[in-house]
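Residue numbers (the numbering used here), protein chains in the order written: chain B, 2 to 281; chain V, 5 to 116.
What the hints contain is simulated information worked out from the structure, not anything from laboratory work.
Think of the CB as a built atom: it goes at the ideal place given N, C-alpha and C, for glycine as much as any other residue.
Worth double-checking, as some hints may not be accurate.
To give a feel for the contact side, a few chain B residues facing chain V, derived at Cβ under 10 Å [to be verified]: (1) Ala79; (2) Asp85; (3) Leu89; (4) Gly128; (5) Arg132; (6) Asp205; (7) Ala226; (8) Ser240; (9) Ala243; (10) His244; (11) Tyr281.
These are the residues of each chain, in order.
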Amino acid sequence: MISCPADTAGGPPAAPKWLSSTPRQDYPLVAAMVTEHDYSAAGVPIRDDLRAAHRLIWEYIRKPGNWWTGAQRVAICAAARGADACPLCRARKAALSPNAVSGKHADTGGLPPNVIDVVHRIRTDPGRLSRAWFESVVAGGLDAPHYVELVSLVTMLSGVDFFCRSVGLAPFPLPEPLPGAPSRHLPASAKPGTAWVPMIAPEDAAGPEADMYPPAPFIPNIVRALSLIPDAVRTLWHSSDAHYLPVAEIGNPAARKAALDRMQTELVAARVSALNECFY
Amino acid sequence: MNGAAVDLAAINGDRHGEVGVAHAAELLAFTDAVMRGDDSTIRGTRAALRAVLSDEAYVDVAAVIGAFNVVDRVADSIGIPLDDMMLAMSGDVRDELRLTRFASSANTPAAL
Chain B
2 MISCPADTAG GPPAAPKWLS STPRQDYPLV AAMVTEHDYS AAGVPIRDDL
52 RAAHRLIWEY IRKPGNWWTG AQRVAICAAA RGADACPLCR ARKAALSPNA
102 VSGKHADTGG LPPNVIDVVH RIRTDPGRLS RAWFESVVAG GLDAPHYVEL
152 VSLVTMLSGV DFFCRSVGLA PFPLPEPLPG APSRHLPASA KPGTAWVPMI
202 APEDAAGPEA DMYPPAPFIP NIVRALSLIP DAVRTLWHSS DAHYLPVAEI
252 GNPAARKAAL DRMQTELVAA RVSALNECFY
Chain V
5 MNGAAVDLAA INGDRHGEVG VAHAAELLAF TDAVMRGDDS TIRGTRAALR
55 AVLSDEAYVD VAAVIGAFNV VDRVADSIGI PLDDMMLAMS GDVRDELRLT
105 RFASSANTPA AL
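Chain B extracted, bound-state conformation (with noise of 0.2 Å):
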C-alpha cells in the first residue's frame, strides 16, 4: 500500500524528486505526492499501479521540461484535447491526404499556429505523418528535441484519455504547471539514426541517462524512441508497465496481464493499432 506524506500545516506537499534522480522502485511513491484523480464514475476498482501510472503522467506533463516550460506543456496538452473537436483535424482526417485540407486549426490557446498543427496532427492522425511533414516541421521553426517532448506529452496524454474514455470517466482536469526553467538538457549520447529524429542506443545509455532503459535482454526502437528526452523515456515505461506489460517480458509468450490473457491481450492491441493506422 502507498502512503502518502501528510501535507504540511499551511501549505501544499513538497515538489517530490524527479524520476532521473530518483530509484526506479520508488517511481510510486513518487506518483502518491501528486493529487489523486477521481475514479469513481467508472463504478469498478482501478488498480494501484494504474493510479500511480497516471499520477505519475500528470506529474511529468505539469514540470518544467527539457525545452518547454510546465504552463507550456500544460498548454499543449490542452491543445491536445482541442483537436478532438477541431473541424479542420475532422476535414483532414475524412480526406484522402491530409494535406488536400488547408484551413486553420479551433482555438489554438495561445500556442503558435505550427506548434497547433504539430500538436493536431499527432493526436487525430498519427497514421499519416512522413519523414517529409516533419523535415517541414523543422524547417518551419519547431527543432528535433522541442518536437520530442512535445511528442511525450501528446501521446502519454492520449493514453490516460483513451483509458478513461474506456471506463466511462470524464478526461482527467490537467494539472496545474510547476515554475521554472527548462533545463535545456540535451543527451550527449543520442545519435541520428533511422528514425526521424536522434535516439539513443542502450550501449550507450551514461552518465545522467545511465538508468534510463528498462531492464530488458532487447530494447526496441519503441522504448528509444524518446529518448531526446530521457524523462519521458522513464515516464512512458513506468506507464507501460501497468497499462501492458514490463519491456522484458513482452517477447515471453507466458506473460500476461492479471486478469486478461495475453491473446486477449494482443487482439485488443493489435486492433487498436489497425484503427491507428500504425504499422510498427
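With chain B held as given, fit chain V onto it using these hints.
Only chain V this time, still in chain B's reference frame:
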C-alpha cells in the same frame, strides 16, 4: 503463441464472431467503439463486455487501449522502423494483415 489457431482477419475488422480468442467479439466491438468515440455505442459494447469479463479483466482492456494509443502515436510521430528481429519474424503476419497499406509502413523500407 500457444499453438492455437487465430483468425487474424478480425484485426482488420474483416471477420465477426469468435476468432479463436475468448470473447473476441465483445473485445473487438468495445475496442472499436472506444476508438471511434461514439458514446452510445461505447455504453452498449461496454455492457456486453462486462457481462463476459471480470471487473479486473475489463480494466485490463481499458489499460491496453490506453497503452497502444500511446505507443502507436510515439512510433508514427518519431518515424521508427520495425526492429530487425520483428521484421524477420513477422513477414507472414504483415502480409495477411496487409500492413503495407498503412502510410507509416514507409518508416520500414525493408518491409516494402
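Here is how each hint holds up against the structure:
| no. | hint | in the structure |
| --- | --- | --- |
| 1 | Ala79 | 17 Å, violated |
| 2 | Asp85 | 8 Å, holds |
| 3 | Leu89 | 17 Å, violated |
| 4 | Gly128 | 5 Å, holds |
| 5 | Arg132 | 6 Å, holds |
| 6 | Asp205 | 17 Å, violated |
| 7 | Ala226 | 4 Å, holds |
| 8 | Ser240 | 7 Å, holds |
| 9 | Ala243 | 7 Å, holds |
| 10 | His244 | 4 Å, holds |
| 11 | Tyr281 | 4 Å, holds |
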